[in-house]
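Mapped onto full-length UniProt numbering, the consecutive letters of the sequence shown carry residue numbers 1 to 367.
None of the hints are false.
Ranges between beta-carbon positions, derived for each pair:
| hint | residue 1 | residue 2 | range |
| --- | --- | --- | --- |
| 1 | M100 | L355 | 27 to 35 Å |
| 2 | Y187 | R116 | 29 to 37 Å |
| 3 | G41 | H105 | 19 to 27 Å |
| 4 | Y187 | F343 | 30 to 38 Å |
| 5 | P62 | Y154 | 53 to 61 Å |
| 6 | D160 | V209 | 39 to 47 Å |
Note that these hints are calculated values from the structure, not bench results.
Glycine included, C-beta positions come from ideal geometry on N, C-alpha and C.
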Amino acid sequence: MTWPEWRGHGSAVFAKRFALPTVRVPRCLMAFLNILRKRVGGLLLVVFGVSLITFSISHLIPGDPARLIAGDRATDAIVENIRHQLGLDLPLYQQYGRYMLDLLHGDLGTSIRTNRPVLEDLQAFFPATLELALVALTLSILVGVPLGVLSAVYHNRFIDQVARTLAVTGISTPAFWLGLGLIVLFYGHLNWLPGSGRLDEGLQPPPTVTGFYLIDTLLAGDTALFFNALKHLILPAITLGFVNLGIVARQIRSAMLDQLGEDYIRTARAYGLSKWSVILRHALPNALIPSITVLGLTLGDLLYGAVLTETVFAWPGMGAYVVKSIQSLDFPAVMGFAILVSFIYVLLNMVIDLLYRLVDPRIGEVN
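Using the sequences and the accompanying hints, generate a full structural model.
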């Protein structure tokens, strides 16, 4: 055997003996990685777009943050010094470039109003907003799903008309108007429920574990403080949840009508199953699959919708924080809020995609 032949033979033997085994990646993992790749790319585009739009709108608002900080009696020299400290004397493209560079390092900037890092402010106010949004979402589901089911089962009857009227009323009712009405009725006239804050004045909040007062009070074993926090949640949660209740009810009604017209429903009834057994055990679970998108994104809508609700009820969350920031032309705080909520929206979309594949594997097979 010549040297080139021996060398080729030896290489083949070596490669065969020490070759790494072939690794088969599960299809579900590949689908997850594919979704993750697309969503991360989309997340970067969303953050860039939201930051650019928010930055442009914030700087188009008439007013001077430096003048607001210095006061009306401050001299022009003092105002210019503040503008220089805040970087407001730089061209807009340089201000935006510096902001995006800091954002890549996880820095949302420093609040002009509180003089604290925006990320710390949002971390402090986020639990109050999330607790309110989750309670409101729970109310929307507990009322909206049965309302949609009844509306579909009694299609074009009296119950359907009532349910559709409630749904349209919920969608078209302004949150601030409903909130003011509830305060006037239940706090002003009846004095049944508190109208502002998370706790009664003078009460100390529970030790912070999760930031959710309902959970932290139970962990602390303080039932009296728990019910006090629950009473303060009722009115703002109803205000925020009622607006989204109609969206949930209409989606469930539409999905239920589609399912009730399917052949398997008639087959189940022909086998002797009761009407409500077929509806609750067969039709409703299938109707909830296309409703996952609406239910998931409703939480994102509630975070944005909390801005007005928290202002009406003086709820110390991100909504009240961003309203005060807008009033004081606090650009970093406004941009930080917009980026955070947009980031949550993208994460919710990714979770919804994964849930779709869990509850309906056919979607993953088609894709």
